[in-house]
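Chains as they are written, first to last, in the working numbering: chain A, 1 to 278; chain B, 279 to 749; chain C, 750 to 1044.
What the hints contain is simulated information worked out from the structure, not anything from laboratory work.
Worth double-checking, as some hints may not be accurate.
Stated by the list, open to error - Straight-line distance between alpha carbons at most 20 Å, and here's what the computed EDC-like set of lysine to aspartate or glutamate pairs gives:
no. : chain 1 : residue 1 : chain 2 : residue 2
1   : B       : Lys348    : A       : Glu221
2   : C       : Lys757    : A       : Glu269
3   : B       : Lys722    : C       : Glu900
4   : A       : Lys167    : C       : Glu807
5   : B       : Lys715    : B       : Glu528
6   : B       : Lys348    : B       : Asp363
7   : B       : Lys342    : C       : Asp984
8   : C       : Lys816    : B       : Asp693
9   : B       : Lys342    : A       : Glu221
10  : B       : Lys342    : A       : Glu64
11  : C       : Lys756    : A       : Glu269
12  : B       : Lys725    : C       : Asp984
13  : C       : Lys816    : B       : Asp718
14  : B       : Lys416    : B       : Glu628
15  : C       : Lys756    : A       : Glu221
16  : B       : Lys722    : C       : Glu807
17  : B       : Lys348    : A       : Glu64
18  : B       : Lys490    : C       : Glu879
19  : B       : Lys405    : C       : Asp790
20  : C       : Lys850    : A       : Glu269
21  : C       : Lys757    : A       : Glu171
22  : C       : Lys757    : A       : Glu174
23  : C       : Lys757    : A       : Asp176
24  : C       : Lys756    : A       : Glu64
25  : B       : Lys725    : C       : Asp790
26  : B       : Lys715    : C       : Glu754
Claimed, not checked - Beta-carbon label-pair distances, calculated as ranges:
no. : chain 1 : residue 1 : chain 2 : residue 2 : range
27  : A       : Met116    : C       : Arg939    : 47 to 57 Å
28  : A       : Val73     : C       : Asn945    : 52 to 62 Å
29  : A       : Leu12     : C       : Gln928    : 15 to 25 Å
30  : C       : Asn945    : B       : Asp718    : 41 to 51 Å
Predicted, not measured: the structure shown is a model, and the values here were computed from it.
From the three backbone atoms N, C-alpha and C, an ideal C-beta is built for every residue, glycine too.
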Amino acid sequence: MAPTSPLANRLLLYGVLGIVVALFAFPFFWMLSTALKSLAEATATPPTMLPAEFLWGNFRLATEKIPFWKQTVNTVVLCLLNVVGTTGSCALVAYGFSRIDWPGRNFFFWVTLSTMMIPGAVLLVPLYSLFRTLGWIGTSLPLWIPAFFASAYNIFLLRQFFLTIPKDVTEAAEIDGCSEFHIFYRIILPLSKPALIVVALFSFLYVWNDFMGPLIYLTDERQFTLALGLQAFQSRLGGTEINLLMAAATLVILPVLGLFLLAQRYFIEGISMSGIKG
Amino acid sequence: MNPTPKRFPPTFASHRHPAPIRRPGASARKLPWGLLLVLALLLGCRPGEERTADGRVVIDYWEKWQGFEKDAMAAVVDKYNASQDKVFVRYVSQSQIDRKLLLATAGGNPPDVAGFWSHTVVSYAEKGALLPLDRLMKRDGLLREDYIPAIMDGCCYRGFVWGLPSTPATVALHYNKALFREAGLDPERPPQTVAELEEYARRLTKRDADGKITQLGFSPSDPGWWSMMWVYWFGADLVDKDARRLTAGEGDGLTAYEWLDRYADEYGRPALRRFEAGAGQFASADNTFISGRLAMQLQGVWMSSFIDQYNPSLEWGVAPFPALVEGGMGTCIVESDMLVIPKGARHVEEAWDFIKFVQMQENMELLCMGQRKFSPLREVSPSFASSHPNPYIGLFRELAESPEARGVPRMTLWDQYRAELGIAFEEIWVRDTPPAKAMDLLMKRVKPRFDRANAAWDRIAEMRLRDWSQQ
Amino acid sequence: MTARERKKLMMGLLFTSPWMVGLLSFTVFPAIYSLYYSFCDYSVLNPPVFIGLANYQELLFDSVFWKSTWNTLYFAAIFLPLSTGAGIVLAVLLNAATRWKGALRAMIFVPSLVPLVALGILWRWILNGEYGILNWGMQLVGLPMVNWMGEPETAKLGLVIGSLWGIGNSVVIYLAGLQEIPPSLYEAARVDGASNLQQFRHVTLPMLSPVIYFNVLMGLIGVMQVFALPYVMTDGAGGPLRSTTFYTMYLFDHAFSYLNMGYACAMAWVLFAIIASLSAVAHRLTQDRVIYGAN
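Start from the sequences and build out the full structure, keeping to the hints where you can.
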């Protein structure tokens, strides 16, 4: 590399980063801009960068084209059930795999890890068949009941975290004769808040974004989640009313962005910590 | 987006201790179990038996329609609900109804009635997803002969009736009279033969200085909804009489695809592609035919309502699709929307009662008038045609009654064959694959599977037919 | 076993019981059934009929199956190197920045949170052949218009472009990996007179290799199962001309459009085999090159 002055280096670095960030931000801008245009303006050539007139009413129109609020409620409820189910059950199980010493523990933990290798496609049909037998197809039960039975990923994650909590923290309680549940609930959980928040956040996101699950199990538009409702909206519109489609997409993305702003630290830490000690 | 499933990455091996050690118990709170329970109930499962406040049985009816077509059926549903006090039909609009219905039926939780198409009924019947209606029809005195034969054919498969028509449709050549006049053609004399169609199309096509097509006479792929049945217009069949041999690539079928290839050659594939890329959405003022960029378009009986909605000043006419030879009659594609009862529906009797209600002449005409289609019933009230908003409704009905009226083939594996025919069409139309080769590839893809499916049917035919006759 | 040990066992089993139940009912038994169904003619509506290896035999002659496998591998072959390269470069740039680091990182990360359905819809609009803003931009700089999702040659590239928008996730992981590299290594390299580029090659890449390996592996597993994005961007059709019919989409069609559930299960197990062997190959190839740090 040719020797360059530090200032030139800096300028180059921030120049490149600036362009990259602009590229990453542009689709958001374009989505919002299209969402606020009239249909004629959205499909005009050459395109206009900013709407001639900001049609905020497009958002209301978009929410009237699909049962938007109903689907929002469905999605939020589903997310909450999953968050509670996943976080609760995984914490419980992770505790059993980390802070109780019992014969067979390592074997079962090894089995847990190895199930992560099975691609979801393998389980697609038999699970459908199982839920059919239970009469759950066409209801949202398949989308949240399994969350209460823990998942390998999150068990692993929380177990690793619980292992970092020093033994002496719980020793006193054990000597006092406190039950395992008491120790779990009163000592370990409060100490593990960051990890629990990370698990909760990611399970929330997973459900909010999930497409294939609702696509398979939900058959009634009134039960749809937002992701599925948005796709149905698109397929019904074909290419028309792109402005309303962008408005609807914006509304689906906004809560995720809001969540990120509120809990940025947990997102970044949660993701950063993966991969480092692969 | 990173295609990795959005789950938490698996190796969260923290070497730091992110939580400050705090006094135990400080933040442990009661989990809101009550709230959870409420949430779960809110989502709920579908109750098995639902009743209205006045004690009627609620049945679910899924339909695919939107807009005025939906409203027309809603009027009939309201009329039904008002006509008696035992059943309440809940009318639910569904997008992608074919997939949804299959999933719901396979999942054992189907609606009681569903709106379907004659072209999907075959594969669904074959899979055992529908209830044959013969027993109920016989019991209540409904006859196949009450319907226009070509339309009833679309409801049948393997000798059973799988649904009854709601609104039928035929397909004809729509043409723009103003553009005809402008090109020096007689607006009252649409093309009579395929050769004439080519000739007219040539005269109706305009290009700008760059060679970009600004106006096109005719395009086999606009809208291209019947491209898988392209061979029909050349006198060929997709499958032989016993539905045991695929014939799309043979004789006249191959001729049809060669014609297609020549047509694309003549106009130039890049230019056609460019024209298609600029085609607007069907239901919009940007539709190529409605906006006057396409002079002749193959369209169904529904087109008049879209013209009225998006460009009422358009001067248009309708003619049967041209024949191969002078004085002949072109094939007419007939399709029908229909009402079916999915297998496993919880309220078969109530569903049937509703379907029967729709089949009554008065109600059927209310529905078809509202959707601006013709009635599938043989009997029509005298005032129906004269008060119909589509000036060509008589022609559309005649087409359905003509001996050349045909629907999708009644054969096993039609859904897959249909998908492959669409690909073959695209191969030739877009990719310039020689027709013989495209058809050869098609056969390679479909034939082995088709033969196996037939063999599989032979093994279970007796059992299935017996099953169906008892249902 | 002492009473205390017995109590520990009981408590261990009690705490892990949700998972034991879940493992059996949502993973182990379904996996066994899946294997069984793959040897059956099974449509859900009728009970499965054992047909031996027929499903696997049919796969061999199913040209669409081969096409979808090819599409998936092709997509992986373009997307994985691009996303890995871009991810590392972006992470290095971010790592070098001293000001606004958090904000810059956030901007690059945020797109990876966008629901795939919304992402697909948005990029379908940006890539639109006629009104797409990308085409307009390309025209401005004198490039030809491309009907991205309309042509078989470019449809997969369109998906790659849309997917690349969401690489923020791996950028953050790489960035964290970079921050783990001891500064002393760079100092030593500088003392030896290494240029920036040399430092990148001889310090950064080797030290980052475990993270890269992990990311690539996870990316591979994910990309082999890509579904939602092409589904949304092609209305589930996988067109034009099956150029975006990916493995899982074809599997999904067999399972839920044709109700060939047995066939779909056979496809799933073949996918499992493909992923397992690709991972093994990746492991083999990188074994000597991945350097696991002192910690």
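Would the pair B:Lys722 and C:Glu900 pass a check requiring their Cα atoms to be no farther apart than 20 Å? Measuring from Cα to Cα gives roughly 24 Å; hence the hint is violated.
Beta-carbon spacing of C:Asn945 to B:Asp718 - inside the hinted bounds 41 to 51 Å or not: For C:Asn945 and B:Asp718 the Cβ distance comes to about 58 Å; the hint is violated.
Are B:Lys490 and C:Glu879 close enough, with their CA atoms no more than 20 Å apart? holds, 14 Å
Would you mind confirming whether the straight-line C-alpha gap from C:Lys756 to A:Glu64 stays at or under 20 Å? Given that 20 Å is the threshold and the Cα spacing comes to 58 Å, the pair is violated.
Pairwise hint evaluation, A:Glu269 against C:Lys757, where the allowed Cα distance is 20 Å at most: Judged against 20 Å, a Cα distance of about 34 Å means the pair is violated.
Decide if the proposed pair is consistent with the structure: B:Lys715 and B:Glu528, CA atoms, cutoff 20 Å inclusive. Distance ~12 Å between B:Lys715 and B:Glu528 Cα, so the pair holds.
Is the distance from the Cβ of A:Val73 to the Cβ of C:Asn945 consistent with 52 to 62 Å? holds, 54 Å
Holds or violated: B:Lys342 to A:Glu221, with C-alpha atoms at most 20 Å apart: Holds, at roughly 12 Å.
Is the hinted pair B:Lys348 and A:Glu64 satisfied, with a Cα-Cα distance of at most 20 Å? Between B:Lys348 and A:Glu64 the Cα gap is close to 17 Å, so the pair holds against 20 Å.
Do the beta carbons of A:Leu12 and C:Gln928 sit within 15 to 25 Å of each other? About 22 Å separates the Cβ atoms of A:Leu12 and C:Gln928, which means 15 to 25 Å holds.
Starting from B:Lys725, check that the Cα of C:Asp790 is at most 20 Å away, please. Satisfied, since the Cα-Cα distance of roughly 19 Å is no more than 20 Å.
Between the alpha carbons of B:Lys342 and A:Glu64, is the straight-line distance 20 Å or under? holds, 18 Å
Going through the hint list in order, the structure does not satisfy hints 2, 3, 4, 6, 11, 12, 15, 24, 26, 27, 30.
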